[in-house]
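A.B. asks: Below are the chains, spelled out letter by letter.
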Amino acid sequence: MDTTSSNPVRPAPSRSAPSHTGPVVLLVGTRKGVFLFHSDASRGRWTLDGPHFLGHLSYHVVLDPRDRRTLLVASKTGHLGPTLFRSTDLGKNWQEAKSPPAFPKVDDSESGRVVDHTFWLAPGHAEERDVWYAGTSPPALFRSEDGGDSWAPVSGFNDHPKWGTWTENGADGTPDGSILHSINIDPRDPQHLYVGCSGGGVFESRDGGADWQPLNRGCLADFSPDKYPEFGQDPHCLRAHPLAPDVLWQQNHCGIYRMERPTGEWARVGDNMPHDVGDIGFPIELHPRDPDTAWVFPMDGQEVWPRTSPDGRPAVFRTRDAGASWQRCDAGLPREHAWLTVLRQSMAVDTADPVGVYFGTTTGSLWASRDEGDSFERIAEGLPHVFSVEVAELSP
Amino acid sequence: VNVAIPSPLRSYTGCAEVEASGATIAELLDDLERLYPGIRFRMIDEQDRIRTHMRIFVNRERANGLNQTLRPEDDVQILQALSGG
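As you go down the protein sequences, you meet chains A and B in turn.
Counting from 6, one number per residue, gives the positions in the first sequence under the numbering used here.
Counting from 658, one number per residue, gives the positions in the second sequence under the numbering used here.
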């Protein structure tokens with residue numbers, strides 16, 4: 006398949022892009038704290054560092070790839086207000102952010118918006134050192150220019166005239182709170198941003214967040230009277246390919262989709278999944294060097310939506326041809342009676358060759374594949390409910 | 658003013674009771690924030706509302722808002738309810 010012909014701006018995908026050769030750390034955010042799993046260079050032996058912030062709801066733990074030392078944690082407890090913690094030495098020492106994401110105070114405090122929690126953290130563009138973005142519940146976007154210590158609202162989204170329409174005023178009824186997630190920054194242009202909103206859809210800005218447009222054409226919203234509305238879809242996870250940023254993938258509430266810009270039209274490549282498995286799930290991960298390769302973790306989306314592995318037989322599914330076909334990857338995973346749920350932030354890949362694929366479950370197990378999904382090993386069990394898994398690649 | 662600190666906030670203060678000053682609860686919270694940066698936002702949201710599970714008592718009576726006045730001899734208790742698993 007010629008994937009370079011549809012857009013002249015898009016660089017040709019190259020499997021010769023640098024692959025990581027050093028150790029990795031899995032950054033695991035859970036309902037009860039943060040756990041860091043350090044590997045050796047083979048990614049075959051893992052050493053636990055943690056828990057950090059035991060008892061804190063820890064939604065996302067992310068390393069700054071620009072310095073490979075700064076960690077941010079989006080956190081709250083069940084009862085205290087939300088905050089962020091920062092470490093500039095890979096988790097040896099932590100400091101609380103000076104001013105975590107918060108809406109502006111308004112005169113009528115009863116109508117003023119309040120950040121319930123920060124859900125998603127994204128380092129900024131490689132050329133914008135110390136810039137970070139954060140997505141929150143209710144759905145809002147925040148930006149830091151000092152490495153995550155202080156945060157300001159991105160008013161272009163949060164105060165957009167259509168914000169209330171796009172987000173149902175921030176309260177669309179999502180069980181854990183409506184969220185802004187999947188912040189993607191175009192590596193060619195720091196002004197070009199994509200975000201996903203649960204119950205709102207995918208949105209794009211080409212001016213650094215000053216204005217936004219929905220980007221949902223072709224994407225189903227089967228829970229809506231209008232099945233293909235301009236907005237209101239439910240993206241679960243959105244990924245732009247790092248080397249081919251005009252290739253977008255999303256695992257949506259209503260299937261797996263792929264788009265090649267500039268078409269602006271989503272194609273449901275999940276229709277090519279086995280019909281007895283379906284194409285419902287939360288996470289989607291992309292091969293760091295091949296925009297045609299992706300991994301998903303299907304879940305049961307029938308009837309009342311158990312959101313567990315179909316038939317209790319968990320599997321990762323992988324495509325190597327842009328979604329035209331999918332392969333079941335379950336070697337090493339439980340064969341039956343395993344009702345696993347993997348949330349949208351709980352799957353990650355590294356950039357080694359072959360690529361490592363990792364996921365954590367809400368039942369507290371952590372799995373790793375060193376061979377692009379051909380086989381998996383369980384590297385931890387008994388963890389709290391896993392919210393997120395990210396890979397930190399350390400210097401060799 | 659003597660202020661009793663609940664255990665979830667002692668990572669800020671390092672102890673169960675602290676001294677802070679203020680003619681109102683709002684001023685007292687500002688002083689606590691000055692002394693222990695970050696503590697206020699864990700208790701009070703950005704619209705100056707006391708968070709759902711936080712309670713503030715003055716001399717064992719529930720405070721009626723951040724504008725309630727304080728005297729130097731008052732005892733303030735900050736409490737946090739726990740629920741869920």
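Calculated from the structure, these hints are not laboratory results.
It cannot be assumed that every hint is accurate.
Claimed, not checked - Lysine to any residue pairs mimicking SDA-like chemistry, simulated, CA-CA at most 20 Å apart:
| no. | chain 1 | residue 1 | chain 2 | residue 2 |
| --- | --- | --- | --- | --- |
| 1 | A | 81 | B | 737 |
| 2 | A | 81 | B | 730 |
| 3 | A | 81 | B | 717 |
| 4 | A | 81 | B | 729 |
| 5 | A | 110 | B | 668 |
| 6 | A | 81 | B | 742 |
| 7 | A | 103 | A | 135 |
| 8 | A | 167 | A | 229 |
| 9 | A | 103 | B | 690 |
| 10 | A | 81 | B | 659 |
| 11 | A | 37 | B | 668 |
| 12 | A | 110 | B | 697 |
| 13 | A | 81 | B | 704 |
| 14 | A | 103 | B | 697 |
| 15 | A | 110 | B | 705 |
| 16 | A | 103 | B | 704 |
| 17 | A | 110 | B | 718 |
| 18 | A | 81 | B | 722 |
| 19 | A | 81 | B | 719 |
| 20 | A | 81 | B | 680 |
| 21 | A | 81 | B | 718 |
| 22 | A | 103 | B | 742 |
| 23 | A | 81 | A | 389 |
| 24 | A | 37 | B | 705 |
| 25 | A | 103 | B | 712 |
A.B. asks: Take the hints in turn and mark each one as holding or not.
C.D. replies: Results of checking the hints against the structure:
1. A:81 / B:737: holds, 14 Å
2. A:81 / B:730: violated, 33 Å
3. A:81 / B:717: violated, 28 Å
4. A:81 / B:729: violated, 32 Å
5. A:110 / B:668: violated, 27 Å
6. A:81 / B:742: Distance of about 15 Å is within 20 Å: holds.
7. A:103 / A:135: OK: residue 103 (chain A) and residue 135 (chain A) at ~15 Å, within 20 Å.
8. A:167 / A:229: holds, 18 Å
9. A:103 / B:690: Holds. Residue 103 (chain A) to residue 690 (chain B) sits at ~11 Å (cutoff 20 Å).
10. A:81 / B:659: violated, 27 Å
11. A:37 / B:668: holds, 17 Å
12. A:110 / B:697: holds, 15 Å
13. A:81 / B:704: holds, 18 Å
14. A:103 / B:697: holds, 12 Å
15. A:110 / B:705: Between residue 110 (chain A) and residue 705 (chain B) the Cα gap is close to 8 Å, so the pair holds against 20 Å.
16. A:103 / B:704: holds, 18 Å
17. A:110 / B:718: Not OK: residue 110 (chain A) and residue 718 (chain B) at ~28 Å, beyond 20 Å, violated.
18. A:81 / B:722: violated, 24 Å
19. A:81 / B:719: Status violated; Cα separation ~25 Å.
20. A:81 / B:680: Distance ~30 Å between residue 81 (chain A) and residue 680 (chain B) Cα, so the pair is violated.
21. A:81 / B:718: The hint is violated at about 28 Å.
22. A:103 / B:742: Roughly 29 Å separates the two Cα atoms, so the pair is violated.
23. A:81 / A:389: holds, 15 Å
24. A:37 / B:705: The hint is violated at about 27 Å.
25. A:103 / B:712: violated, 24 Å
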